[in-house]
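Here is how the chains run, residue by residue.
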Amino acid sequence: MLIQTINLGKTYKNGIAALTDINLSIDYGEFVFLTGASGAGKSTLIRLLFREELPTAGQVLIGGRNVSRLSTPEIVRLRRNSGVVFQDFRLMERNTVFENVAFALRAVERPYAEIKMRVPAMLERVGLAGRENDNVMHLSGGEQQRVAVARAIINNPLVLFADEPTGDLDPKTSDELIQLFADINAEGTTLVMATHDQIIVDKMQKRVITLDHGHLIGDTIGGWQL
Amino acid sequence: MKMYSFRYIFPQAFKSMKNNGWLTAAAILTITISLFLCAFFWMIIININVNATEIEDDVRVMAYIDFDVPESDYEEIELTLRNIDGVQSVEFVSKDDGLLTLEDRFNDTDLLSTLEGDNPLPDMFSITAEDSQAVAAIAEEVSALDGIYHVRYGEGTVEKLFTMTDTVRKASIVVMALLGVAAVTLIAMAIRLTILGRKKEIMVMKWCGATDAFVRWPFFLEGMMLGIFGSILALALALILYGQVFSYLTATISFATIVPLSQLWPGLTLFLIGAGVVLGAIGSLIPLARFLKV
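First to last, the sequence lines map onto chains A and B.
Start counting the first sequence at 1; every next residue gets the next number (our numbering).
Start counting the second sequence at 1; every next residue gets the next number (our numbering).
For the record, the hints were derived by calculation from the structure and aren't laboratory data.
Cβ atoms here follow ideal geometry from the backbone N, Cα and C, with glycine treated the same way.
One should not assume that every hint holds.
Heads up, simulated EDC-like pairs for lysine to aspartate or glutamate below, C-alpha to C-alpha not over 20 Å straight-line [claimed, not checked]:
1) B/LYS2 / A/GLU109
2) B/LYS18 / A/ASP168
3) B/LYS15 / A/ASP219
4) B/LYS15 / A/GLU109
5) B/LYS18 / A/GLU93
6) B/LYS200 / A/GLU99
7) B/LYS199 / A/ASP88
8) B/LYS199 / A/GLU53
9) B/LYS2 / A/GLU74
10) B/LYS2 / A/GLU114
11) B/LYS200 / A/GLU109
Residues of chain A placed beyond 12 Å of chain B at every Cβ, according to the derived structure [stated by the list, open to error]:
12) ALA17
13) ASP21
14) THR56
15) ALA107
16) GLY127
17) GLU132
18) ASP183
19) THR220
I would like the entire structure built from these sequences, with the hints used as guidance.
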């Protein structure tokens, strides 16, 4: 089992319980949608899964290890095996497409010769061949999200977390991005995507975990549950 | 950390300084002012030390020999003086030599005729101590000897001089420490703002699996470079100012030794650049510890 949560809970300092008693398991190679209305707890769950935040109750196990108890080198290793994509892309606006994608390889201290070789190949894979030198702010929303995806998967993570990645995109661009995710998943990367886009969920017919007010209320394969 | 990572980290530090131009300039200027003031006090301390050491080395115990002691006993007294603990050397000064010294001091080449041919000065021994702080104890022991009717070593004045130089040294060190704290605070503020400005970049680094060291090095280098640039400017200002002051003081002051620039600059350079690097490093580590917990 790649990901497992046991009685997982998160209550913020202001007293708001974002998640309560979440128990779920995600296996290697799965494509999982986390669905629910705004405020259901999808983003909190994503943040707990990639250890951006720590739970206030229960455990998150990745590869059988409790992420709350990892040493600093183990956290680094965990993150090198995870990729993450956000609704707002979180690109470095002043930099080029190449620099944004290369950033992930630089962060894990790959030599420049390797970076120069791998970035164009990755850009070709996400449909941005030849756009290396463009400033990311000159790209469309869909293209910017592709840059973010390229950055997230260039280190070949075991799992890709995506938090509302289509939230700012038009339907056609969303479809293209979801197809890219499906391709990435088909190559073996586990995909966990938080979304409130019913059309996408219904179309993909993948595993759907549904949250409501911080509680897990459904876990089935198929379309939208609410 | 892999060595080739520094090929990326170094330019990042410069880039950050360039992107935060005004903040960088303000931080460098403040460091320059702080370190220039430190240099100012450092130069004062160096000059005080040199002059104090010269004065300390020059402090002697003058032992005046009784007029009724025959010259044949002088050798025995000198031997007794040499055997006193802490005495480095004993020099006999005849009353004729004493008169010559007086003539020299008063710029009067014929003082003896003014005194109607009668030299009233006694013969004496000039005693140098191994340690200037032991002068008082030696003087006390010498004054108890037979054949010595008076001992003089500038009592009171010497103690005051030691107290004064010591106070100036301590005060200068306190002021330099306070200026150092001010510089560290400003560097910390500059680095903190840089960190806040690059929060997103840092988050992405963390998500990608960057190590703590990789995330921290650019900021650490930036802090040290702010310190180095500030210290170089402070050094230039201090050397220019000291050169001017040195020319003026050597032309106008004869009673004190002014350390020449050629002797002063190597120490001052080491002191300022070293202080710049250390202050920059400390200034960047403070916000790094708070903000960059990976």
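_Need the list of violated hint numbers for this structure, in ascending order._
2, 3 and 15
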